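Peer 1: Put chain U on the given structure of chain A with help from the hints.
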Amino acid sequence: MADRVDDVEVANRRAPVIEPGYTFGTVTDKISAIVLKRPTSTGWFIGFGIAFMLTMMMLFAIGYLVVKGTGIWGINIPIGWGFAIVNFVWWIGIGHAGTLISAILLLLRQSWRNSINRFAEAMTLFAVAAAGIFPLIHTGRPWLAYWLFPYPNTMNYWPQFRSPLLWDVFAVSTYFTISLLFWFVGLIPDLATLRDRSENRWAQMIYGMLAMGWRGSARHWHRYETMYLLLAGLATPLVLSVHTVVSFDFAIAIVPGWHTTIFPPYFVAGAIYSGFAMVLMLAIPIRKIYGLEDFITDRHLQNSAKVMLATGWIVAYGYGMEAFMGWYSGNRYDSFLLWNRLHGPYQFFYYLLLICNIGSPQLLWIRKLRTNSFGLFMVSFVILVGMWLERFVIVVMSLHRDFLNSSWGMYYPTRWDWMTYIGTIGMFLAAMFLFVRILPMISIFEMRTLLPEAEVKAE
Amino acid sequence: MSAARTTNLDLSAPPVIQLIGRRSLYIGVVASVIAIALGFTNPQVFFRGYLVSYMDWLGICLGSMVILMVRHLTGGGWGMVIRRILGAAMRTVPLMAAFFIPIAVLGVPRLYPWAMPLESVQNPTVREHLEHNRFVMSGYLHWSGFIWRAIIYFAIWNLLSYLLTRWSKEQDTPPVRDNSLRFKAVSGPGIILYAFTISFAAIDWIMSLDPSWISTIYGLLFLAGELISALCFAVVIERILFRYKPMSELLRPDFVHDHGKFMLTFVMVWAYFSFSQWLIIWSGNLPEEITWYIRRLHGGWGGVGLFLVVFQFFVPFFLLLSRPLKRDITRLVWLAVWLICVRYIDLFWLIEPNFSTSFHVTWADLLIPFAMGGLWLAYFCRNLSSMPLLPAYDVFAKQVLEPKHE
Chain A
37 MADRVDDVEV
47 ANRRAPVIEP
57 GYTFGTVTDK
67 ISAIVLKRPT
77 STGWFIGFGI
87 AFMLTMMMLF
97 AIGYLVVKGT
107 GIWGINIPIG
117 WGFAIVNFVW
127 WIGIGHAGTL
137 ISAILLLLRQ
147 SWRNSINRFA
157 EAMTLFAVAA
167 AGIFPLIHTG
177 RPWLAYWLFP
187 YPNTMNYWPQ
197 FRSPLLWDVF
207 AVSTYFTISL
217 LFWFVGLIPD
227 LATLRDRSEN
237 RWAQMIYGML
247 AMGWRGSARH
257 WHRYETMYLL
267 LAGLATPLVL
277 SVHTVVSFDF
287 AIAIVPGWHT
297 TIFPPYFVAG
307 AIYSGFAMVL
317 MLAIPIRKIY
327 GLEDFITDRH
337 LQNSAKVMLA
347 TGWIVAYGYG
357 MEAFMGWYSG
367 NRYDSFLLWN
377 RLHGPYQFFY
387 YLLLICNIGS
397 PQLLWIRKLR
407 TNSFGLFMVS
417 FVILVGMWLE
427 RFVIVVMSLH
437 RDFLNSSWGM
447 YYPTRWDWMT
457 YIGTIGMFLA
467 AMFLFVRILP
477 MISIFEMRTL
487 LPEAEVKAE
Chain U
7 MSAARTTNLD
17 LSAPPVIQLI
27 GRRSLYIGVV
37 ASVIAIALGF
47 TNPQVFFRGY
57 LVSYMDWLGI
67 CLGSMVILMV
77 RHLTGGGWGM
87 VIRRILGAAM
97 RTVPLMAAFF
107 IPIAVLGVPR
117 LYPWAMPLES
127 VQNPTVREHL
137 EHNRFVMSGY
147 LHWSGFIWRA
157 IIYFAIWNLL
167 SYLLTRWSKE
177 QDTPPVRDNS
187 LRFKAVSGPG
197 IILYAFTISF
207 AAIDWIMSLD
217 PSWISTIYGL
227 LFLAGELISA
237 LCFAVVIERI
247 LFRYKPMSEL
257 LRPDFVHDHG
267 KFMLTFVMVW
277 AYFSFSQWLI
287 IWSGNLPEEI
297 TWYIRRLHGG
307 WGGVGLFLVV
317 FQFFVPFFLL
327 LSRPLKRDIT
337 RLVWLAVWLI
347 CVRYIDLFWL
357 IEPNFSTSFH
367 VTWADLLIPF
377 AMGGLWLAYF
387 CRNLSSMPLL
397 PAYDVFAKQV
407 LEPKHE
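Chains as they are written, first to last, in the numbering used here: chain A, 37 to 495; chain U, 7 to 412.
The shape of chain A in the complex, shown without the other chains:
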C-alpha cells in the first residue's frame, strides 16, 4: 500500500498509524491494562452516573408515554411524525460509521482503521439500539410491535409489504444482528487475551466463556480470518441498504421535500457524515483520557476529517440539486417548499442547517485544523447538530405546510419529547462508559498486525 514506501521524505510527511517503538507485548499490555489493571477513576463514576441518570429520565418519559399515550408529545395533524422520526433517523445515521469503518475499510485494505474499528462498532450498536426505541414507542402500543413482523396469525392479516416502514423493520433488525455478530466475532481473540491475563477468578470465567474456547492455533486463525472477511462482505451492502430504506420512508411518499430521487445516496452520505462526526467526538476525549495517542494518532483524525469533508460535499450536492430542481421543475409545490424553507416560520433552522452542514466542514480544508483535536471536536459537534437539524427540516418542514392551506400547522416539541431524546443520548453514553471499562476498546490483535514485527520480510 501507499504508506509502505520508505523514502524519507514521504514517511516524514504523514503521521504514522501507530507510533514507533511498540512490540507485540507492549501493545497487548497497554490495551488490556485499561480494562484489567487501571483503577476505575472518579471521573468515570461521575460520567457514568450522569449518563445513567439521563437513562432513568428516558425510562420515566417512556413509562409516562405508555400510561398516557402519544398525546403527551407535540405531534398532531399535520405533523404526525415529530421528534420520534427525527431522532430515529439521526441515531441510525450515526450508527453507520461503525460498519463502514469495520467492513468497507477492511475490504479496501485500509489498515489505519484497526485502532478505531472496535469502539466505532460498539458505538454503532448503541446508536442503533437508541434508534430502535423511537419507532417502537411511536407505535403507541409498543407491546404489540411484533405485529410488524409477517407471521401466520389468527387475525389473518399481513403487514403491508409495499410500505417502506415495513422494509425498515427488516433492514434495521438485520443491520443490528449483523453488526452485533461482527463486533462479537472481532472481540473473540481479544476476549481470550483478557481471559489469559486477568487475575480475578470471576473475570477469568466470564471472559473465558465469551472467548468460546479460543486458543489461537493456526487453524483457529485460518477459519477466523475467512469468517471475518465473509461477515465484512455481508455487512457492506447493509451500510448502504439501511439508510437507503430509511430514505425510502420519505421518498416513496409524494410529499414535496420527501419525494425526490437523490434521497438514497444523499441519506447514506449524510449518515456516514454524522457517523464519523460521532466517532471523532468519542475518539478525541478517549485517546486523551486513556493516553492512547500512540494508537489513535493524528493520522486517524486527519483521515476521518477527510471522510467528513467528502461526505459533507455529497450532502451539499444533495441540497443544491434539490433546490435547483425545485426551481427548474416549475412545480409550484416544490418551489413553495424552497420558499418556505428560506422565508417560512422555521427559516432559522434552515439557515442554521446550512451553516452547520455546509459551512462548518469547509474548515476541514485547513490542514492544521485536521490535526487539532479541539478544533476537530468542535466541528464534529456542529456537524452532529447540523445533521439533527437536517432531519428536523426534512420531517417537520415538509409536513407542516402541505398542499392544502387549511391544514397548515406548526409543530412544537413538548418536554416529554426532549426528555426522551436527551435520555437516549444518556443511554448511549452510559453504554459507552461501560464498554470502555469492561472490554478492550481497541482491537489488540489487529493492532499487532500493524507493527513492523508483523511484516513478512522478503528472502
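Think of the hints as simulated: they come from the structure by calculation, not from any bench. Predicted model only: the values in this text are computed from it and were never measured. Warning: the hint list may mix true and false statements.
[Said to hold, decoys possible] Calculated Cβ distances over 12 Å to all of chain A for the following chain U residues:
1. S18
2. G82
3. D178
4. K251
5. N291
[Unchecked claim] Keeping only pairs whose Cα atoms sit at most 25 Å apart, straight-line, the calculated PhoX-like set for lysine-lysine is:
6. U:K175 to U:K267
7. A:K404 to A:K342
8. A:K342 to A:K324
9. A:K324 to A:K73
10. U:K190 to U:K267
11. U:K190 to A:K342
12. A:K404 to U:K190
13. A:K342 to U:K267
14. A:K404 to A:K324
[To be verified] Now the stretches of chain A that chain U is said to cover, found in silico as 3 or more residues with beta-carbon under 8 Å:
15. 288-299
16. 375-387
Each residue gets a CB set at the ideal place from its N, CA and C atoms; glycine is no exception.
Peer 2: Below, chain U without anything else, positioned relative to chain A:
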C-alpha cells in the same frame, strides 16, 4: 531504487498502439465522411445519433479523469499501472470540446424543445410545460446560456486535465520526485467540481431534451455510468498492452483483481442509483415523472430497458463475483468490452425515446459511434504514445516496478 530499475525497462508504448491509432483514424475519417454526407440528407437523425455517441465517448474521457483523481487521493498500485492509460484518455478533453461545437451551433434547435418555436414541439406534455413555465426558458434553458455553461464545463475539465498532466510529465525524468501532495490538492476539489459540472452538463445536454421531467439523482446516474465506461476502456487497453513489454512485466494479477473489484463496484453503484430512481418514481406515480418511464417501457423500448437490467447489471454482477475471473486479464477484458457496448445501449435508451415513441434504430446510431470513436481513438493512441507508460520517477512507481512481498 526505482530510478536504477527503470533504466533496464523500456517504458514507451509498443508500436501496436500507433498501428491501432492509424487504423482507427482511417475508420474514423471514412465513417465521418459518410455520416456527414448522410447528415445533409437528414440533419435531425444525424444530431440525435451524434448526441448519443458524443455522450458515450465523453463518458470514457471524463470517467478516466475521475478515476485518475481518485487514484491520486488514495494511492495504490492498481492505479499506478493504468495511470497513463487514464491520462491519455483524459487528455482527449480538447477533442471532446471540438466535437461539441456542432451540437452547440447547429444541433440545439434540432434537438431541444426549449430552443424550438413552441408550436413545433411534438410532445404535448413538453409543450404545455414550456408554455406554463416560460421563466425556465428565460432563466436557464436558452441557447446562449447553454453555450456559456458548456464553455465553463470545458474550461474546468481542460484545466484539471492540464494540471494533472503537467505534474505527471515531470515524473518522467530524473530526479525521483513526489508530486502526490500537488496531485491531491487538485484532485480533492477536482472531484467536487467534476461532480457538479457533469451533473449540470447531463441536465443541459440530456435531461433538458424533455424539460418537463426532473430527477435529482440524474447527474449521479451519469457519473456512475461514466465510471463503468472509463474503467472498462482502461482494462481493454491494458489487455492489448499486456501482450507486449513493458506491460507484460508490470501488470500483476493483484492489480487486475483490483480493477475487477472496481468494475463490480461501479456496476453495483450504477444499478443502485437506477433502481432507486425507478422505485421512487414508480411508487410516487406522479404524471410529471412517470411519463418518462412510460415512454421508455412501451413501444419496444421496454425490451431495451429489460436488456439493460439483465446485461448491465445481473450478468456482469454475477460474473464479477468470481475471483478467478477478476484476476485474469485475458478473460476480464471480454466483460469490459461487453460493458462498453452496453453502456452505449444505455445512453441510447436514455436519449432516443425522447424523439420517438416506438423503438427504432437509425443509420446515425450505428455509424456515428464509429466515426467519432475512430477519431477519438486515434487521438487517444497519439496521447498514449507521447508519454512513457509509467511515470518512472514518481516515488510510488516502485509499487509497480518492484515485485511485492506478501
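Peer 1: Taking the hints in turn, state whether each one holds.
Peer 2: Hint by hint, here is what the structure shows:
Residue-level check passed: U:S18 sits 25 Å from the nearest beta carbon of chain A, beyond 12 Å. Listed as outside the interface, U:G82 is inconsistent with that label: its C-beta sits roughly 6 Å from the nearest C-beta of chain A, within the 12 Å cut-off. Non-interface status of U:D178 relative to chain A is upheld: no Cβ of that chain comes within 12 Å, the nearest being about 18 Å off. With a cut of 12 Å on Cβ distances, U:K251 stays outside the contact zone with chain A, its closest approach being about 24 Å.
With 12 Å as the threshold on Cβ separation, the claim that U:N291 sits away from chain A is violated: the shortest Cβ distance comes to roughly 8 Å. In summary, the hint linking U:K175 to U:K267 is not supported, as the alpha carbons are separated by about 29 Å, beyond the 25 Å threshold. A hinted pair counts as satisfied when its Cα atoms are at most 25 Å apart, and A:K404 with A:K342 qualifies at roughly 13 Å. As the CA atoms of A:K342 and A:K324 are separated by approximately 21 Å, the hinted pair is consistent with the 25 Å bound.
A threshold of 25 Å between alpha carbons decides the hint, and for A:K324 with A:K73 the separation of about 18 Å falls inside it, so the pair holds. The hinted pair formed by U:K190 and U:K267 meets the criterion: a straight-line CA distance of about 23 Å does not exceed 25 Å. For the given pair, U:K190 sits about 12 Å from A:K342 by alpha-carbon distance, which is consistent with the 25 Å threshold. Between the alpha carbons of A:K404 and U:K190 the distance comes to roughly 16 Å, so the proposed pair stays at or under 25 Å and holds.
Pair hint A:K342 plus U:K267 holds up; C-alpha atoms about 23 Å apart against a cutoff of 25 Å. Taken as a hint, the A:K404 and A:K324 pair is honoured in the structure, with Cα atoms around 19 Å apart against an allowance of 25 Å. Closer than 8 Å: that is the beta-carbon criterion, and the region 288-299 of chain A has 8 residues meeting it against chain U, so the requirement of 3 holds. With 0 residues having a beta carbon nearer than 8 Å to a beta carbon of chain U, the region 375-387 of chain A misses the requirement of three or more and the stated coverage is violated.
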